[in-house]
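Chemist: Here is how the chains run, residue by residue.
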Amino acid sequence: MSDATTWRAWLLTDAPTSRRHARLASFYKGWLSLRGNTMAMVGLGILVGLLLMALFAPYLAPHDWKAQDLGNRLQPLGSPGHVLGTDSLGRDILSRLIYGSRITLYIVTLVALIAPVAGLLVGTIAGYVGGWADVVLMRITDIFLAFPRLVLALAFVAALGAGIENAVLAISLTAWPPYARMARAETLTIRASDYISAIRLQGAGPIRIITRHIWPLCISSLIVRVTLDMAGIILAAAGLGFLGLGAQPPSPEWGAMISEGRRFILDHWWVATVPGLAIFTVSLAFNLLGDGLRDVLDPKDGGIE
Amino acid sequence: MIDIQNLDVWFGDGHDRVDAVRRATFAVNAGESFGLVGESGSGKSTILRAITGLAPTWSGRIEIDGQILHGKSRDRTFYKNVQMVFQDPYASLHPRHSVDQVLGETLSLHGFRDIDTRVVKLLDDVGLGTRFRFRYPHQLSGGQRQRVAIARALAGEPDILLLDEPTSALDVSVQAEILNLLCDIRDQRKLTYLMVSHDLPVVGHMCTRLAVMKDGEIVEVMDVAQLRQMKASHPYSQSLLDASVAQ
Amino acid sequence: MTLLDVQNLWVKFPTRQGIFDAVRGVSFTLGKERLGIVGESGSGKSMTGRAILRLIRPPGIVEADYIRLEGTNLLDLTEKQMRAVRGQRISMVMQDPKFSLNPVMRIGDQIMEAYLLHNRAGRADARKKSLEMLEAVSIRDAERVMRAYPHEMSGGMGQRIMIAMMLIPDPKILIADEPTSALDVSVQRQVLDIMDALVKERGMGLIFISHDLNLVAEFCDRVLIMYAGRIVEVCDADRLHDAKHPYTRGLLNSLPRLDHPRDRLEVLQRDPAWSDAPSVGTQE
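Line by line, the protein sequences are chains A, B and C. Read in order, the letters of the first sequence correspond to residues 1 to 305 in our numbering. Read in order, the letters of the second sequence correspond to residues 306 to 552 in our numbering. Read in order, the letters of the third sequence correspond to residues 553 to 836 in our numbering.
Take these hints with a grain of salt, some might be off.
[Claimed, not checked] Using C-beta positions, here's what the derived DEER-type ranges look like:
#, chain 1, residue 1, chain 2, residue 2, range
1, C, GLY583, B, ASP308, 46 to 52 angstroms
2, C, PHE651, A, MET39, 28 to 34 angstroms
3, B, GLY336, C, GLN742, 16 to 22 angstroms
4, A, GLU165, B, VAL323, 40 to 46 angstroms
5, A, ASP3, B, THR382, 42 to 48 angstroms
6, A, LEU284, B, ASP380, 52 to 58 angstroms
7, C, GLN821, B, HIS320, 52 to 58 angstroms
8, C, ARG822, A, VAL135, 51 to 57 angstroms
9, A, GLY163, B, VAL425, 55 to 61 angstroms
[Unchecked claim] Heads up, incomplete: computed chain A residues facing chain B, CB under 8 angstroms, no partners named:
#, residue
10, HIS21
11, ALA22
12, LEU34
13, ASN37
14, GLY78
15, SER193
16, ASP194
17, GLY203
18, ALA204
Simulated from the structure, these hints should not be mistaken for laboratory data. Heads up, the beta-carbon is just placed ideally off N, CA and C, and yes, glycines get one too.
Please build the complete structure, drawing on both the sequences and the hints.
Modeler: Structure below.
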């Protein structure tokens with residue numbers, strides 16, 4: 001008990017004694033204020049659950065996700081052995097959902113790695129360098145922004161061929177322009193600040209200023225934006241899956257599952273509804289977490305007055 | 306040390322052109338502290354920004370330590386020789402960098418190897434001590450932040466410090482501490498100061514000579530003795546004097 | 553005659569490290585006079601001004617035995633009644649006019665709106681009154697200013713316009729929170745003179761919050777010196793330079809002076825006992 005309180009005091013200190021200490025302390029303070037936000041914690045809980053579900057899918061799933069049983073098809077919710085029923089080929093929907101979480105996480109991670117990084121690069125370079133670089137980069141961004149997202153993704157998938165990887169690539173290619181816009185706007189304000197002038201007066205070059213001084217400030221708002229966009233990305237992936245351009249049939253991708261279930265939606269509503277609810281839950285979780293992170297990551301955290 | 310002749314600084318082009326400084330001429334000797342005084346918008350800070358290359362469009366002649374400057378590019382020796390302390394300590398430190406990072410990065414930019422010992426020494430020199438080394442700016446008071454900013458400016462061991470209203474954002478008691486610190490450092494390191502301020506008593510305390518600016522022009526250069534006797538030759542400087550000591 | 557009587561005012565903010573007391577047991581009275589509140593940043597002087605108008609946002613808490621405005625305890629009023637007090641009976645002028653004026657509305661419309669909010673009158677009346685007010689704060693070409701947008705005004709003009717707006721409902725008390733800190737010295741004086749004249753003419757009470765000791769000494773009748781949320785000293789403004797409390801003396805001595813050149817400025821040595829000692833009362 002007393003051990004825990006000394007740890008807490010050590011982490012909450014105002015006078016850290018080493019680099020590691022300082023970093024841990026600021027991390028802990030962020031965690032504390034995130035913990036104070038109940039809704040964000042609910043979101044985080046759901047996402048941790050999703051992660052665990054994906055990790056332990058083989059142990060959690062009651063059935064083989066591709067095992068067909070045509071004699072047992074379209075069983076309703078709560079039927080023996082199939083809590084969430086079975087689909088048109090008699091596959092267990094719960095097992096498919098559990099395995100599908102892997103695909104969802106895979107898509108989300110890849111997009112989250114590609115789109116914001118591309119946006120950050122383009123945006124900060126355009127914002128910091130200015131002049132012609134700014135004009136050229138931002139016009140390219142505008143062109144991408146002018147296309148409806150799903151239509152552009154459709155075009156990419158059509159050109160590259162159907163499949164999850166191509167769907168991810170297509171979504172990323174359509175998702176980066178807003179990040180570039182945002183990063184540029186932030187860079188413009190940061191560029192004019194005294195601390196950037198100060199480091200320029202120490203002889204720092206543009207690459208160092210962009211990577212060491214501007215990125216750390218842009219990243220927090222970018223992370224928030226990404227978590228808020230995650231819902232949209234999952235939905236876009238599901239949309240592509242639904243149109244048959246993302247994950248291909250046997251795969252238990254949630255969007256593809258809805259697409260298959262749509263034929264029976266009037267008589268056997270659960271086949272499409274259950275994966276739909278899963279998409280809804282995860283999207284909501286990302287939104288809640290993003291909202292909480294926005295409060296934590298805001299660099300303007302000061303005292304009173 | 307600093308020799309400025311016919312300096313014009315402007316922003317914008319053609320129709321939108323604003324002349325921030327017009328035909329400014331003055332010189333600062335080595336080891337001297339020179340003040341630039343004026344109200345907001347008189348162009349006093351702009352002169353500092355032109356010297357450091359932060360205001361790119363200027364004409365005239367700026368000579369620093371025998372070296373004539375051109376355009377906005379400055380070489381490494383310039384940055385080692387000339388440093389600046391900004392007005393607002395809340396805006397001049399990167400919000401996500403700890404004191405250690407700020408000073409460490411500056412030292413490595415100036416090519417020093419023994420960064421650890423130098424960071425400790427710098428903190429010591431500005432009266433902060435190593436307790437503050439790993440703090441972030443939001444854990445520091447305004448005066449402490451300004452000390453960090455001064456330490457950063459001293460990191461490259463410059464000969465010239467440009468001070469842009471270094472205490473106007475601080476409380477008077479903290480202002481006294483910072484002004485004392487600046488005086489001590491000047492005596493120890495034989496620094497040359499070019500100080501911008503709107504506060505005549507502060508300039509009177511720090512500087513030996515000063516230039517009064519109005520609407521981008523230097524209306525008068527006088528020494529501190531004249532200032533103390535309240536004897537300005539230009540009516541504008543006189544009115545400024547009267548306004549700041551009317552009691 | 554007492555306009556405002558504040559007894560044992562506390563402003564508290566709950567933080568992760570426990571409750572932070574921004575103002576700790578402050579009591580004072582205000583008559584038809586100019587009362588200065590001086591202190592450094594974090595001394596609670598602005599919080600005191602805002603607490604009187606109950607402008608402290610949650611989670612901040614305002615507590616007091618009473619805050620009486622001509623007999624009525626402001627703490628007992630509902631939020632709706634409080635809105636009528638703000639502006640109508642107590643007005644506040646903030647530090648930077650840039651943030652207090654709506655940037656996309658013409659100045660004339662803003663002043664007229666303020667007038668119409670508090671008075672039943674036609675637009676023509678409001679316009680006439682607005683012009684009068686602008687002239688009262690020494691704005692010469694009032695007609696032009698009425699048509700202008702806030703960004704076209706200089707800082708001094710902006711602050712005069714703010715004062716004009718605040719005075720339209722004819723309040724009993726004006727709270728001015730660092731009204732001239734963002735202005736140049738020469739403009740500072742003009743604005744102060746205008747405020748001074750208006751306060752005297754109308755028999756108002758003025759609470760002048762500032763960090764500038766000399767300015768307050770010159771401009772006010774009575775001065776409260778605040779330190780760490782408490783009043784450490786109360787004195788007549790013209791006798792501020794004979795102040796006794798070491799904090800006040802320290803503040804005065806730490807200022808560089810043109811007529812007294814010194815090699816080193818005196819540095820204020822803070823004594824923890826100052827913040828522990830109870831507030832000095834001002835019951836007269």
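Chemist: Each of the hints needs a verdict: does it hold here or not?
Modeler: Checked hints:
Between GLY583(C) and ASP308(B) the CB atoms are about 59 angstroms apart, so this pair departs from the stated range of 46 to 52 angstroms. Separated by about 31 angstroms at the C-beta atoms, PHE651(C) and MET39(A) satisfy the suggested range of 28 to 34 angstroms. Remark: the range hint 16 to 22 angstroms for GLY336(B) to GLN742(C) is contradicted by a beta-carbon distance near 40 angstroms. Under the hint 40 to 46 angstroms, the C-beta atoms of GLU165(A) and VAL323(B), about 55 angstroms apart, miss the expected range.
Between ASP3(A) and THR382(B) the beta carbons are some 55 angstroms apart, a value that contradicts the proposed interval 42 to 48 angstroms. Checked against the given bound of 52 to 58 angstroms, the beta carbons of LEU284(A) and ASP380(B), roughly 56 angstroms apart, stay inside it. As the Cβ distance of GLN821(C) to HIS320(B) is approximately 57 angstroms, the hint placing it in 52 to 58 angstroms holds. In this structure, ARG822(C) and VAL135(A) meet the distance hint of 51 to 57 angstroms, their C-beta atoms being roughly 55 angstroms apart.
Range check, GLY163(A) to VAL425(B): Cβ separation about 57 angstroms, and the 55 to 61 angstroms hint holds. Annotation: interface hint on HIS21(A) holds; nearest CB of chain B at approximately 6 angstroms, less than 8 angstroms. For ALA22(A), the suggested interface contact is upheld, since its CB lies about 4 angstroms from the closest CB of chain B, less than 8 angstroms. The beta carbon of LEU34(A) comes no nearer than 18 angstroms to any beta carbon in chain B, farther than 8 angstroms, and the hint placing it at the interface is violated.
Annotation: interface hint on ASN37(A) violated; nearest CB of chain B at approximately 20 angstroms, more than 8 angstroms. At its closest, the beta carbon of GLY78(A) sits 52 angstroms from a beta carbon of chain B; the interface hint therefore is violated under the 8 angstroms criterion. Contact between SER193(A) and chain B, as hinted, is supported at the beta carbon level, the nearest pair being about 6 angstroms apart and thus within 8 angstroms. Because the beta carbon of ASP194(A) sits about 4 angstroms from the nearest beta carbon in chain B, less than 8 angstroms, this interface hint is met.
Restraint check, GLY203(A) versus chain B: the minimum CB separation of about 4 angstroms is within 8 angstroms; hint holds. For ALA204(A), the interface hint holds, the least distance from its beta-carbon to any beta-carbon of chain B being 6 angstroms, beneath 8 angstroms.
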